[in-house]
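J.: Okay, here's what each chain looks like letter by letter:
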Amino acid sequence: MTNTIQILSIEKTGKESSLQKEYNNKSIKIIDGYFFSTNLDDQKFTKISKLISNDVSQTILTKKNVNKILSSYSNFNWVVEIKFLPGVTDNIATTVKEIIKDNLKSSFKSFELGSTKIILIKGRKEDITKISKNEANPLIQTIKIYPFKKYLNNFKKNQFKIEKVKLPKKKYSKKEINLDISDYHLSLIGKLGIEENDKSRRGTLGLDLESLKTIRNYFYTINRKPTDVEIETLAQTWSEHCKHKIFSAKIDDIQEGIFKKYIKGATEKIIQLRKDNFCVSLFTDNAGAIEFNKDWIICHKVETHNTPSALDPFGGAITGIVGVNRDCLGFGKGAKPIANTYAYYLADPNKKYQLYRQKNKDPMLPANFIAKGIISGVRVGGNCSGIPTPQGNVYFDDRFAGKPLVFCGTVGIIPKKIKGKLSHKKKANPGDIILMAGGRVGKDGIHGATFSSEELDPNSPVSAVQIGDPITQKKMSDVIIRELRDENLYSSITDNGAGGLSSSIGEMAKESGGFIVNIEKVPLKYNGLYPWEVWVSESQERMTLAVPPANVKKVIKRFNARGVEATIIGKFIKKEKAIVKYNKTEILNLDMEFLHEGYPKLNLKTSFPKIKIEKKKIIKKSSLIDKLHKLLSSPNIVSKEFIATQYDHEVQATSIIKPLQGEGRVFGNATAIKPLFDDEKSIALSQAAYPQYAETNPYDMAGSSIDTAYKNLIVTGANSKKIAILDNFCWCSSDEPGRLYQLKEAAKACYDYAVAYQTPFISGKDSMFNDFKGFDKTGKSVKISIPPTLLISSIGVVDKISHLTKITPDDGDILLVLGNTHNELQDSVYSKIIGYEKSKNPVVSSKDALRTYRNFEKANKLRIINSAIGVDLGGIGIAVTKMAIASKKGLTIDLKLINKISVDQFLFSETQSRILVSMKKNKLANFKKIFKASNYTIIGKCTGSDLIEFKDNKKIIRGKISDFAKSYKKNIRGL
Amino acid sequence: MNVLVLSGYGINCENETLHAFEVVGFKGKIVHINDLIQNPKQLYNYQVFAIPGGFSYGDDTGSGNAMAKKIMINLYDQLIDFSLKDKLIIGICNGCQILINLGLVPSLNKKDPEVAMVENKSGSYECRWVDVKVGKNKSPWLKNISILNLPVAHQEGKFMIPVNLLKSIKANNLIGLQYIDHNKKLAKGQFPFNPNGSKDDIAALTNQNGNVLAMMPHPERAFYHYHVPNWQNNTSKRFGDGYKIFMNAKKFFS
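So the protein sequences, as listed, match chains P and S.
Taking my numbering, the leading residue of the first sequence gets 13, the next gets one more, and so forth.
Taking my numbering, the leading residue of the second sequence gets 377, the next gets one more, and so forth.
Same shape as in the complex, but just chain P (with noise of 0.2 angstroms):
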């Protein structure tokens, strides 16, 4: 009899080795364990093992050998055994149990089990501790460390032991909540949430006092009081998370608030003047979408992250991606998602900056930690769900240390019309069944929507972590797409995010009316849930449709049939009432208009900050070479090759413009994905964010995001009039008048840009408080805000595959720069670096950009152009030199064609609306018709050779590709 099945690789694995090598010790081995919650007889023991172990690469410990077998490895004297805490997502567990379940049909009846991971080392006690600490999370996982010895005598002793989720036994009746209590107790529900009997809290509400005084007033008019279900929806629906409350505030003058006069203004008046159908659905959908050709419309989707990332990096990123994948599901009568985009703003994961959640305890996890375990967990949601994820990037600022931001989008794709009517409008009609769809429900992120909310103190919940499960989504998500959808089964549809059942339902009851919901009906993961917490859980892979009565019965036989749960959980009504029963008992009865707009609105006033601003900084004196290199290996410039390659960009068989590009394998800024077999239209996406000129100047900083954006496509080959763009604000301290100046500066010049590119804002999401609030490593209190940033996703119609450019220049091909060079030095990554004097920041001339852009589409079409980059971080210099690593040929530049700059200002200025390209020279009488007098400079050409020139008047300075490609691509110290 034993309780564990423990499994060991023969051979080395790739997992060991890593951590040998990291570790600097040949002696770690790591064993896949299974801890069952009853004892297995040898028979079924050996059924089981041999179910999920491989006899050819596997080796199973038993009682009996686990002592010869591991002694034949090394002389083993520490372990560390992790496992899931109870009650967290063990997808591992689960596939498990399905074999089980599947295979031994008959012998087995219910049990628990949990995947355990055991490492062993031979070294020293400190040994194991760190290994530990890099490879478990203590928030969702148990760390136990331990002597070798007692291991065995666990194995000997049956002691490997599975935790259960243990709820305490407790009947729930309806609880009402006293609101007639001092402003100082209002405001405490609203800070640490409502009490318990044994008064504990449950949490924080993210309410203010004067939304808690809001609700009071209701209730006083509809005599009673509320029951702790309401109040908790009430908070998750005016969370700033779900409500977006500063942007829809009176904002100084600004009567209608930003979101209203600046973005959604800017599309409006972008639709007034195009007048033709390329904006398809705007700001009220999952996602924003345009046209793509005239059978199929795309939509695109970024969410973020970050406060689950930075508790647990792993499963924030994981959850954020699967989380938007279900945006652009429930997009429309659900949309198809086709691409993946990513960008992450991380502190270095080389440094350590010992920060405390609370006063020397509760740290926060180590920088590379963070980094890692985000890469990982958009890889292992990206990859299991068969989404390519072409496009992303990374920005290391330190900054971003008590908050990493991640940004998670989906692109997909739907038919203009499903079976004669427009699939982007949907309706959930009174008498149409509420059905939940997929996984079940769990403590999963309760209180995750206020808790976004709120700056990340040392009061934030834990219990506010999710783990995506990719696989269960991906089979709920081929039913919806490929056998329901397209015959129209259902009325509406939508994802299951932030708020839960309470957020999804209460949102498309708008459609019908209200609604009235059974919540003991919901299935569970484990009994012992309040009904308010299966309300607002946010466990993952759920979406909610409203089905009509005569279709119900089939829609659940389809889900089933492809092993994903389906329950019907209430019905949709005319009245417009959000009602929630439990066993009959009426828990929550609120007016609907109420519900979602009976939220105090803000009032808000900005002020011009006092940020004091480096204006110098002394230049290190080194060859231009030096200088090429050092930018080249800098963190923010350097390859992102290995995040590349983890990514599964290849997938569905759409890539087309890859993100390596050239036999050098630049990391491209733009990436295109070819969607549909029959045409040869393309989808080219980007993004940009300038995180690092928004305390100097966050007009100018949007500017720049919206240019760089729309630039990247444009030299992709993207028709400009077929571009669309997203905003993705995340901001910090956003309740004082300083940051609220910044943000509606930048919202300003979102809509300057947007109106002067043309390029309609079709969705977009803040996130308002990045903020941590700590203390250091001795003990003294700090905060750190991220600098404020401006994600803008692009998403453009590439309509031929001959416009799709390259980045790769061919011998004999001269160089041009289109557009303007000026000294904007300031905060590039040159700066940074080396240093600079007198100097500004780029600002964007929206008139000399679009003539730029205008003529290269022009010279594009024509095949004028024979390879373009835009030019980005590290300026000229920089670009000229991916050129060459990307296509292993030579360049000459020749230095004395500049005029009125240094050559250190001309080549690392990041001056915006710059496009490096080549071009045979045959073309260049043509090239100039189109260009006519607009400002481009013809700054070398192609040699083929194995160097990159400089060409001074005296001298010339020679730098190989081959050395340059060793700097581009070293690695990033701490990953």
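These aren't lab readings, by the way, just hints derived from the structure by calculation.
A quick note: this is a predicted structure, and the numbers were derived from the prediction, not measured.
Treat the hints loosely; a few may be bogus.
Under the rule of at most 30 angstroms between Cα atoms (straight-line distance), these lysine-lysine pairs were calculated in the DSS-like manner [said to hold, decoys possible]:
{"id": "1", "chain 1": "S", "residue 1": "Lys613", "chain 2": "P", "residue 2": "Lys933"}
{"id": "2", "chain 1": "P", "residue 1": "Lys978", "chain 2": "S", "residue 2": "Lys560"}
{"id": "3", "chain 1": "P", "residue 1": "Lys129", "chain 2": "P", "residue 2": "Lys38"}
{"id": "4", "chain 1": "P", "residue 1": "Lys33", "chain 2": "P", "residue 2": "Lys162"}
{"id": "5", "chain 1": "P", "residue 1": "Lys364", "chain 2": "P", "residue 2": "Lys145"}
{"id": "6", "chain 1": "S", "residue 1": "Lys417", "chain 2": "P", "residue 2": "Lys566"}
{"id": "7", "chain 1": "P", "residue 1": "Lys41", "chain 2": "S", "residue 2": "Lys564"}
{"id": "8", "chain 1": "P", "residue 1": "Lys255", "chain 2": "P", "residue 2": "Lys33"}
{"id": "9", "chain 1": "P", "residue 1": "Lys41", "chain 2": "P", "residue 2": "Lys162"}
{"id": "10", "chain 1": "P", "residue 1": "Lys113", "chain 2": "S", "residue 2": "Lys405"}
Calculated from the model, a selection of chain S residues having no Cβ within reach of chain P, i.e. all distances over 10 angstroms [said to hold, decoys possible]:
{"id": "11", "residue": "Ser383"}
{"id": "12", "residue": "Gln423"}
{"id": "13", "residue": "Lys560"}
{"id": "14", "residue": "Asn624"}
Every residue, glycine too, gets a C-beta built ideally from N, C-alpha and C.
Based on these hints, arrange chain S on the given structure of chain P.
T.: Same frame as chain P, now just chain S:
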């Protein structure tokens, strides 16, 4: 000519795999494994059985293991029967891992898996293009092909083969594809030419008849010329190298 392309439980390359077969002239259908289990007889309507790439069961308990176990208890006899006829079976990437776990390839002792697919030597997922050469074998899938440029995308692509078995695999000419370097010589385990550290640079194996092919690279992702990296430098051809494999299936039945 009909092809059945399997789907379900995290398989995810079924659309592009079916498309590749259709372009060369097959009629085909994507069939969910649960539907095939419900009605295994439908297999007899098909000449080709394709298990596409993906992440069945999230690679938990080893890539391809859980799906292989599901096939084993529900469809094993039918599949063996299919493989013994004048029909073709292909497993690509996760499909390859499933075929290996089923023991359908190399199938020298006719029972139990003989080869294992294990984690890449690098310890990380590898999505990159590789060159492979066709080994000495009689697989109709690989007939008249010498070298292919194809992408791989996997976490567990390393073939692990016991020494004696490797000898018989070689003696029986069952090596389908092997990774090669820039000089068209065997990669000899050298990264990134051999992306996973696979034994003897093996990228694909066949059964003794050659009609079952288990390959890690993705031919359906190298189907059109614009799939190939840096295709802008060579736009004269319509198809990429992956096309040849699907064409061979067509030729086999013509």
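J.: Determine for every hint whether it applies to the structure shown.
T.: Do the hints match the structure? See the list:
1. Lys613/S / Lys933/P: holds, 27 angstroms
2. Lys978/P / Lys560/S: Given that 30 angstroms is the threshold and the Cα spacing comes to 24 angstroms, the pair holds.
3. Lys129/P / Lys38/P: holds, 18 angstroms
4. Lys33/P / Lys162/P: holds, 27 angstroms
5. Lys364/P / Lys145/P: Given pair Lys364/P, Lys145/P holds - Cα atoms ~14 angstroms apart, limit 30 angstroms.
6. Lys417/S / Lys566/P: Holds. Lys417/S to Lys566/P sits at ~25 angstroms (cutoff 30 angstroms).
7. Lys41/P / Lys564/S: holds, 26 angstroms
8. Lys255/P / Lys33/P: violated, 48 angstroms
9. Lys41/P / Lys162/P: This hinted pair holds, its Cα atoms lying about 17 angstroms apart.
10. Lys113/P / Lys405/S: Satisfied, since the Cα-Cα distance of roughly 29 angstroms is no more than 30 angstroms.
11. Ser383: Check fails; 7 angstroms does not lie beyond 10 angstroms.
12. Gln423: About 23 angstroms separates Gln423/S from the closest Cβ of chain P, which puts it past 10 angstroms; holds.
13. Lys560: Per Cβ check, Lys560/S is outside 10 angstroms of chain P; nearest 16 angstroms; holds.
14. Asn624: holds, 19 angstroms
Hint compliance for this structure: hints 8 and 11 are not met, and every other hint is.
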